[in-house]
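Asker: Residues per chain, in single letters:
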Amino acid sequence: MAEIIVKNGFVIDPARKIDGDVADVAIKDGKIVDKVGSGAKVIDAKGKVVMAGGVDVHAHVAGPKVNVGRLFRPEDKLFKSPMAQDKFRVESGFSIPSTFKTGYDYARMGYAFVMEAAMPPLHSPHVHEEIHDTPIIDEGALPVFGNNWFVMDYLKKGEVENTAAYIAWLIKATKGFGVKLVNPGGTAAWGWGLNCLSLNDPVPYFEITPAEIITGCLKANEYLGLPHSVHIHQNNLGNPGNYQITIDSLKLAEGIKPKNKFGREQVMHSTHIQFHSYKGSNWGDFESGAKEVMDYVNKSKGLTIDLGCVTLDETTTMTADGPFEHHLNGLNHLKWANVDVELETAAGVVPYVYDPNIKVCGIQWAIGLELGLYAKNMDRTFITTDHPNAGPFTRYPRVIKWLMSKKAREATLNSLKHKDKVIDATHIHGIDRELTLYEIAQMTRSGPAKCLGMSNIYGGLAPGMNADVAVFDLNYKNMPSDPEKIEKAFQRAACFIKSGEIVVKDGEVLDHGHKRTVWVNVKMPENPQVKRDIAQSFTKDYTVGIDNYPVRDYLVPHPFVIDVNVEA
Amino acid sequence: MATVTLKPTKVPELMLEGYTISPDTFAGKTPAQIAGLEGREGKIKVKLGDFFEVSGSPGKTATETDIVIAGDCSRVKYIGNKMTAGSITVNGNADMYVGGWMKGGRIHVTGNVHSFCGIAMEGGEILVDGKAENYVGCAYRGDWRGMRGGTIRIKGSAGNDIGTFMLGGTIIIEKDAFIHVSTHAEGGTVIIKGDVEGRVGGQMVKGDIFVLGKIKYMLPGFKKIATVEKEVDGVMATFDHYIGDLGERHPKSKGKEIFANLYVKAAA
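Chains as they are written, first to last, in the numbering used here: chain R, 1 to 568; chain A, 1 to 268.
There's no promise every hint is true.
Said to hold, decoys possible - Straight-line C-alpha distance at most 27 angstroms; calculated DSSO-like pairs for lysine-lysine:
id, chain 1, residue 1, chain 2, residue 2
1, R, Lys335, R, Lys359
2, R, Lys77, A, Lys47
3, A, Lys252, R, Lys417
4, R, Lys421, A, Lys252
5, A, Lys230, A, Lys254
6, R, Lys80, A, Lys47
7, A, Lys45, R, Lys335
8, R, Lys523, R, Lys505
9, R, Lys80, A, Lys131
10, A, Lys43, R, Lys77
11, A, Lys43, R, Lys87
12, R, Lys335, A, Lys82
13, R, Lys485, R, Lys46
14, R, Lys417, R, Lys31
15, R, Lys335, A, Lys252
16, A, Lys47, R, Lys359
17, R, Lys359, A, Lys43
18, R, Lys531, R, Lys157
19, R, Lys80, A, Lys45
20, R, Lys359, A, Lys230
21, R, Lys359, A, Lys206
22, R, Lys417, A, Lys254
23, R, Lys87, A, Lys45
24, R, Lys87, A, Lys47
25, A, Lys254, R, Lys421
26, R, Lys417, A, Lys103
27, A, Lys103, R, Lys80
28, A, Lys256, R, Lys335
What the hints assert, rightly or not - Computed Cβ-Cβ distance ranges for the label pairs, DEER-style:
id, chain 1, residue 1, chain 2, residue 2, range
29, R, Val353, A, Thr30, 37 to 43 angstroms
30, A, Thr61, R, Gly284, 44 to 50 angstroms
31, R, Ser415, A, Asn91, 42 to 48 angstroms
32, R, Glu342, A, Gly130, 51 to 57 angstroms
33, R, Asp355, A, Glu229, 37 to 43 angstroms
34, A, Thr61, R, Lys17, 57 to 63 angstroms
35, A, Asp129, R, Lys421, 51 to 57 angstroms
36, A, Glu53, R, Val353, 44 to 50 angstroms
37, A, Ile225, R, Asp340, 56 to 62 angstroms
38, R, Arg89, A, Ile225, 52 to 58 angstroms
If you're looking for bench data, these hints aren't it; they were derived computationally from the structure.
Ideal Cβ positions, reconstructed from N, Cα and C, are used throughout, including at glycine.
From just these sequences and the hints, can you work out the full model?
Answerer: What follows is the structure, encoded as structure tokens:
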């Protein structure tokens, strides 16, 4: 592979505490190196910012529910599917883009790795087929465990070791990455037409509570020593007054110590926390609980969060939180799709318009940004939009603009129909903080890479790391006074090098690159009881045979496997 | 007013997607520039000049521009797409999506139109002297925001799915229609002067339908509440007044539920 040198850029690499030093980044054979020969291809980054490739900790980009969204929302593609250009594939869709558009758009923004946030284990072959179809970016996927019958059965009896053995088996079978919990217990209760809206609502039949599921999974995750921590979408999402439950679930992480060989320091990643930071008792007196939530998060080292910022767009909500989607459909009367995935999970999909003329949407927009602005440790706070739930991932540059510029926030605030009511119900108007490029790099690069246990591969520019280098047309010493220029720069990278190949130049995709699927292979001594339980359940409960269940190797033709050895 | 005339010179092998045929795109251009405007035939980009001879010249703005297509457009789609002002006259038939997403101005087709005439229309007028196929004034596939304003008048008959998800505006079918009228509608008015086969007003929340002929199969979700005299498009008649669709959600105003209205001409 050719050698490349990115010359004279303002390097921002929080992983090595480098903030704007003018330096060169040398690349050889897909890795960052100390130096290259004089024949290396030169990328002139003078007057521009150089960062590692972006790492997205949470987005719904592949799998059955994304596809349900694509299928039942043809209007999402209307007038948004320009003709394909020469060797590239047609790009279609806005909130639920085609796999090709997903890959191209992430690359245009300089992103190298994206985590598919909820993989229904039974449908993992489909998830991997779509991941393989998404060009350029590296991806992993988190199988969902929070409503899994095995997990609930074992944890009800307090069997953490068996839970861990089952998790290890399932992650391997699905070529997954880690442990995702979505509305733990609540989605299983939805099978009975119920939900778990507090931490102590028992799941019907299993008689286990969300608190017990969360605690058990936290322990099982550390027992295995996985690269990533438990990744949780908490109970009672999206309802006024839920911030207290949010803090209570975060407290479950207290007393649990991270145990892993991947440099990860947190034991719980709480995702799209915007949807969980609501005060008030109904939509009339709805207000921001961002301060209360961040006061707790800031003092708790065992936690990481991502924002889930509302971007005020028309989008498509999709989650394994089946009961929530039914509830949402009752609010907006648009289309609703619902799926039950046997003993594992469920999912729902509903289109949603975050309308700047609606007070609640304005407040949600403010809460997402407040969470980022109240954060004290940016290496534990990541930018997401819970794509596509609060907005499409293509709005990350806009979120960055809002976080970096009070002027931009005020401009959006002024465009809201119920500006005064939004100001009354939130803190955003009084917050003057403007994040720096260094902090943005922490939130989109070094932070999420560390949180996923991959800080030696992604999110930094140290020699030996994957050569994912993004150049943005921003002058570190002389930042534009017009915040729109910040958004534009992050929307279209001046140059993006992925795994040592130049894939984007001046915001245009040049190459399909060589994407990889990252999965975690947990090796642990055989657990005869769990093995027998799984075999029995497949004959008794599942619609597929156990031999047809695992993801075959041909579905993941370009794997990058992280080995985890669990000692007996 | 300034007039541009497009004379068809070649029948497209596939269908020509003529989304640039609109006073908005023509305004201020020379005939040569108009002939150079893009269209699509299948996956290939083509020019309007490949299929039409352009003469005359447009006005400075869309409002001052009239377009006359002097011949048959049975294989030309998207005539008047998103137009906001001015006029288009088609002396012959037109293919699908005539006046789609139209915001203003007038379109007159002297022959027949194919499906999706006036899809998601917001304003303006469409007049069709012949008949229309399916989906007159409907919403785009999957969308819940259908026709919002303007008037569509079809002098002949129409097919299925008229005014699906309609929110406003008026559709007049002067002869018969087949099935699915104002499905899911939350506003607007559909007038059918002939007979309708059935499925009129299914899942309709709000809005009005007038049928001056007969409905062969009435939906069970509609309930007769009165007999009223009303003038509809210049015709005075006695109607049986039904409300519905009783199986659908309905908004409340001043404590009272608002239903959709279906008026069917009473038997003499």
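Asker: What are the numbers of the hints that this structure violates, sorted from low to high?
Answerer: 7, 8, 9, 14, 16, 17, 20 and 37
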